[in-house]
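There are 2 protein chains.
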Amino acid sequence: MLKSIAWIFRPYFCHSTRQLPRNFQKSMPRHSSTHCWRTHTCGELRRRHIGERVTLCGWAEFCRGKSFVILRDWQGQVQMFLTKGSAKDIPVESVIKVRGIVQSRPEKNINHALNAGDIEVHVDDIEVLNTCKSLPFSLQDFAKKGEETRMRYRYLDIRSQMMQNHLRTRSNLISSMREFLIHHHGFVEVETPTLFRPTPGGAKEFLVPSSVDNGLFYSLPQSPQQFKQLLMVGGIDRYFQVAKCYRDEGAKPDRQPEFTQLDIEMSFVSSNDVMRITESMIKKCWPKDLNDHEFPRITYQEAIEKYGTDKPDLRTKLSITNLSNLFDSKDTINCVVVPDSYHKYLSKHTADGMHSKLMHFNDECARNGIFFWENGNFEHISGDRIENYEVLSDVRIWKNSSVVWLSWGDYNQVKTTLYKAIPIVADTIESNGDSIRDEGYKFLWVYDFPLFEADGDKLSCVHHPFTAPHPDDTELIHTDPTKVRSLAYDLVLNGSEVGGGSIRIHDSSLQRHILSEHLDIETDDLEHLLYALDCGAPPHGGIALGLDRLLAMLCGTSTIRDVIAFPKSSAGRDLMCGAPCKPDRDIMDHFFKPKIR
Amino acid sequence: MLKSIAWIFRPYFCHSTRQLPRNFQKSMPRHSSTHCWRTHTCGELRRRHIGERVTLCGWAEFCRGKSFVILRDWQGQVQMFLTKGSAKDIPVESVIKVRGIVQSRPEKNINHALNAGDIEVHVDDIEVLNTCKSLPFSLQDFAKKGEETRMRYRYLDIRSQMMQNHLRTRSNLISSMREFLIHHHGFVEVETPTLFRPTPGGAKEFLVPSSVDNGLFYSLPQSPQQFKQLLMVGGIDRYFQVAKCYRDEGAKPDRQPEFTQLDIEMSFVSSNDVMRITESMIKKCWPKDLNDHEFPRITYQEAIEKYGTDKPDLRTKLSITNLSNLFDSKDTINCVVVPDSYHKYLSKHTADGMHSKLMHFNDECARNGIFFWENGNFEHISGDRIENYEVLSDVRIWKNSSVVWLSWGDYNQVKTTLYKAIPIVADTIESNGDSIRDEGYKFLWVYDFPLFEADGDKLSCVHHPFTAPHPDDTELIHTDPTKVRSLAYDLVLNGSEVGGGSIRIHDSSLQRHILSEHLDIETDDLEHLLYALDCGAPPHGGIALGLDRLLAMLCGTSTIRDVIAFPKSSAGRDLMCGAPCKPDRDIMDHFFKPKIR
Chain A
1 MLKSIAWIFR PYFCHSTRQL PRNFQKSMPR HSSTHCWRTH TCGELRRRHI GERVTLCGWA
61 EFCRGKSFVI LRDWQGQVQM FLTKGSAKDI PVESVIKVRG IVQSRPEKNI NHALNAGDIE
121 VHVDDIEVLN TCKSLPFSLQ DFAKKGEETR MRYRYLDIRS QMMQNHLRTR SNLISSMREF
181 LIHHHGFVEV ETPTLFRPTP GGAKEFLVPS SVDNGLFYSL PQSPQQFKQL LMVGGIDRYF
241 QVAKCYRDEG AKPDRQPEFT QLDIEMSFVS SNDVMRITES MIKKCWPKDL NDHEFPRITY
301 QEAIEKYGTD KPDLRTKLSI TNLSNLFDSK DTINCVVVPD SYHKYLSKHT ADGMHSKLMH
361 FNDECARNGI FFWENGNFEH ISGDRIENYE VLSDVRIWKN SSVVWLSWGD YNQVKTTLYK
421 AIPIVADTIE SNGDSIRDEG YKFLWVYDFP LFEADGDKLS CVHHPFTAPH PDDTELIHTD
481 PTKVRSLAYD LVLNGSEVGG GSIRIHDSSL QRHILSEHLD IETDDLEHLL YALDCGAPPH
541 GGIALGLDRL LAMLCGTSTI RDVIAFPKSS AGRDLMCGAP CKPDRDIMDH FFKPKIR
Chain B
1 MLKSIAWIFR PYFCHSTRQL PRNFQKSMPR HSSTHCWRTH TCGELRRRHI GERVTLCGWA
61 EFCRGKSFVI LRDWQGQVQM FLTKGSAKDI PVESVIKVRG IVQSRPEKNI NHALNAGDIE
121 VHVDDIEVLN TCKSLPFSLQ DFAKKGEETR MRYRYLDIRS QMMQNHLRTR SNLISSMREF
181 LIHHHGFVEV ETPTLFRPTP GGAKEFLVPS SVDNGLFYSL PQSPQQFKQL LMVGGIDRYF
241 QVAKCYRDEG AKPDRQPEFT QLDIEMSFVS SNDVMRITES MIKKCWPKDL NDHEFPRITY
301 QEAIEKYGTD KPDLRTKLSI TNLSNLFDSK DTINCVVVPD SYHKYLSKHT ADGMHSKLMH
361 FNDECARNGI FFWENGNFEH ISGDRIENYE VLSDVRIWKN SSVVWLSWGD YNQVKTTLYK
421 AIPIVADTIE SNGDSIRDEG YKFLWVYDFP LFEADGDKLS CVHHPFTAPH PDDTELIHTD
481 PTKVRSLAYD LVLNGSEVGG GSIRIHDSSL QRHILSEHLD IETDDLEHLL YALDCGAPPH
541 GGIALGLDRL LAMLCGTSTI RDVIAFPKSS AGRDLMCGAP CKPDRDIMDH FFKPKIR
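Heads up: the sequence lines are chains A and B, in that order.
When we follow our numbering, the leftmost residue of the first sequence carries the number 1, and every step to the right adds one.
When we follow our numbering, the leftmost residue of the second sequence carries the number 1, and every step to the right adds one.
The hints are simulated quantities; they were obtained by calculation from the structure and are not laboratory data.
Incorrect hints may appear among the rest.
Where chains are identical, the list cannot tell them apart; a pair therefore holds if satisfied intra-copy or between any two copies.
Here are the simulated EDC-like pairs of lysine to aspartate or glutamate, each with C-alpha atoms no more than 16 Å apart in a straight line [claimed, not checked]:
1. 582 <-> 522
2. 145 <-> 584
3. 133 <-> 507
4. 133 <-> 527
5. 582 <-> 524
6. 317 <-> 430
7. 330 <-> 127
Please construct the entire structure, taking both the sequences and the accompanying hints into account.
Written out as structure tokens, the structure reads:
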């Protein structure tokens, strides 16, 4: 009988086998049973507790016969053996409280599926605190349900080991970051307003009507950018905030209308200072060992040249090689070379498959084709054929045998094409069970972004309008603005941007010039900031880390919704509570009918 | 010459003489000069640094001649003596960077107004990082400016020692609370959504129009109440959050449309558990010594009986005495007795003054009068005369001589009258230089609040609709609901409510009954919560502390605006940025014109 219980009691919700990261397990609170009815959590009981009288509270995960109950809380499960009373009519997921003595289980009854499978609690007092009267479906089936169902009954989804781990990892990571900044580096956490003013051109902002001033609106800020700069003017020289930010992007997959960033700003710093302190923080707070990790830096231009993107994924050992100088052509001619040890996975057939996958993006693709190189023989296999490709036969960048994905045409298109080709190659190789990607976390700084990007005649800013130009390029601002580099930097992790920042402009005339001469932004709405810069603004810079994305990557999940307690659906809806919705008539009148004064 | 500098360099902005609390000074970060240009802060330099070469960055608070500059940062001031270059044309409040060697000052030149008045830095390299081109007024005059000006130029106000201390105290207090909860008691910090759904009757909520679903709205939550209860259902059994909350109360003095609360919820607890852990947290985190402090508890009824209010200020040693049983009357007859040692400050003249002050509240006042009692003689001095007051001549609750403020009539009116009389008496006594109030922090729990209050035939809830009734009063819910006590408790500090909480209802049928039978609230909008209670909801309760109010009291300031970096004016406006405002036409169209799909 016990054996069958053992079989059933693999923990629910197996949709993640991940456990809390090692360092966090070490620092697991030992005092989570102070000031409450229980003496221990279910999950903490071990052989060392044998003989102790304990009080436990939790969920009845399974009841068998009248005597056996598996009791569960966030920390784990333990078996109850009722010496008095009966568990017969207790519905699963009911909340119960028990008192009893921890006992050893005979060797033959040990349940190896449970961490505490070698003990059980002999219960002499059981109390049902709340009967579970309804469940939308059996919780064992939860993992099979789609995301919409998980969202609708999020409170049940949160009972899963995965969500418990994610939310606890989130709390611990952010708490470590706070302690690093406050205790080790003298930062001050300052809360800035979230009822802000609509900014010109801020089409992505949520509006909040004022009930006092009819026709006037607050906005929900996209970031505390202005406030943190004003704090620098105010002499709070090391600021941070775990800031809720808002972006109304309508319905986009894996974007949230509200998201959280770790917002940092420092006075009297250079780019290097901000990057270094960010690295230290991540190394110190990351619950997995990053001691031997580097945070390499490359310029924006190098990143595009070598990876075709400003957020390269350094786990993949593939990059772009420039072959333009071998050809007598105005075209950019680049390639991705697959090392010969992987040659065996790539046939004519798989090459066709890879090429047609790429052509899904055909709007943006340059001409491209896949070639095999073997024993000095360069052979076209799939896709387009480049003229005079025979000149490549003698090129010695490849060893014995290689697969070469070649692309030619416009510089930007070629780079984008090969950037997209790289994961297709990697996926194809890995579908054969081999590995071409490193495990773990590959951080990278990309810096020296351009200050502006051109859209026809119109310039817009690559980061935001407060980003300082590179001091070596100040002359170019007037003569050739698109050539101007900025003092901006992005932090990239495994091919995703997880943070971005810059040194800001602290000179009001330069700021005014960039706003009005280049970006065509009305300075009327920013006069408070421009005036502040004239009142003794220190040089300053900072960074913002996207905590949702960073946590999703730490937890190894593909969607940020898995690290947010109550996320919105991809259409921006709260499926559990039903938001947004139509307010009562009288509430609407309160906001939208002109008042008689 | 140095003497005159000494005279001038009392720190700017003397509108608070308060320093950082002692415990916080001890734990002052020693590493606030990592990863930046400076080696030290200006304010940390002391005699122990003599001989060290330092790099400092800060604001030129004063320049005298070509050689002397007082440099300031958040931590304090230190004098520069320029051995090269000139300070002649540096406007005050310019931002400069200097390099030099810390030197002792001759005994006769010591400036006792500065903490570092016995040293100076001999500077061989000075760089003006940003010239101060404009100031709305001399910063020395800042303290004299009204609050509106301080708000408009908040970034300058933040440079003051007072605001620096307040913002740093805020950061430190909240950080201590977090560490207490996470590290000592196993809590998980969970961020809950701020784009919520409008709740029925939620007239005080801000609305946020959805740009995707025209005509639908989110609301900004007044508290994370529903989400924290759903987290309990989800098995996060110890939750907290430093939560931004919103209340659209229009223009109210000393209220902010957005405010911050420390929001706590726990499963498997009784009221006592929540109160005890809150006390431990405050004692542990309060930067001033609270070791010998008690957190006494009185019921709501006792509080009204003895102090006429549910938020008594225990610093004042005055309370209400019930004399009703001495009279043959249906009226409530109560009094406040001023101990005889204070008798000397109260004359016929001051009594008239006190009485007329009280009568400013005359709408709500019961009949009342002030009497002198001396040597067994009870004499009417001011206000109304009660019939048969001679019976009081022999009452021995007063010693040799006393002043007695008597009120009679309706119970509630009498209590309110005397509650308002108490501070008038105390102020009058203290205007004579004596003291009748204790210094420091007097905490108090008030519990057993009524569950409902009646407004005519209609019931509303005293706390919120999820508050559990007292288990001894469950029968009364059906027979006499206004008599039902709740499991709610308020934390009161020096006469202000700084926190409130309760044990919540975890039984869906009781919750449904209270919502629909008593409070006349449509359950349609709460079905998600009611359903969740049926899915195995643990018994739970919690508390929310108003951090703005708590910090204002800790910092000894009368307005919460002094502990908020960028507060709104009493009319809900951001005077610095100009919010709320009229958005661009195209933004408005984006939200408020029906879309063609």
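Each hint, compared with the structure:
Taking the closest pair of Cα atoms, residue 582 and residue 522 come within 16 Å of each other only across two copies (15 Å); inside a single copy the shortest separation is 35 Å, beyond that limit. With identical chains, the CA atoms of residue 145 and residue 584 are never at most 16 Å apart, being 34 Å at best within one copy and 44 Å at best between copies. Within a single copy, residue 133 and residue 507 get their C-alpha atoms only as close as 65 Å, which misses the 16 Å cut-off; across copies the closest is 10 Å, which meets it. Taking the closest pair of Cα atoms, residue 133 and residue 527 come within 16 Å of each other only across two copies (15 Å); inside a single copy the shortest separation is 60 Å, beyond that limit.
Proximity of residue 582 to residue 524 under the C-alpha cut-off of 16 Å is restricted to the inter-copy arrangement: shortest distance 13 Å between copies versus 35 Å within a copy. Taking the closest pair of Cα atoms, residue 317 and residue 430 come within 16 Å of each other only inside a single copy of the chain (13 Å); across copies the shortest separation is 78 Å, beyond that limit. Taking the closest pair of Cα atoms, residue 330 and residue 127 never come within 16 Å of each other, the shortest separation being 82 Å inside a single copy and 49 Å across copies.
The structure does not agree with the numbered hints 2, 7 stated previously, though it agrees with the rest.
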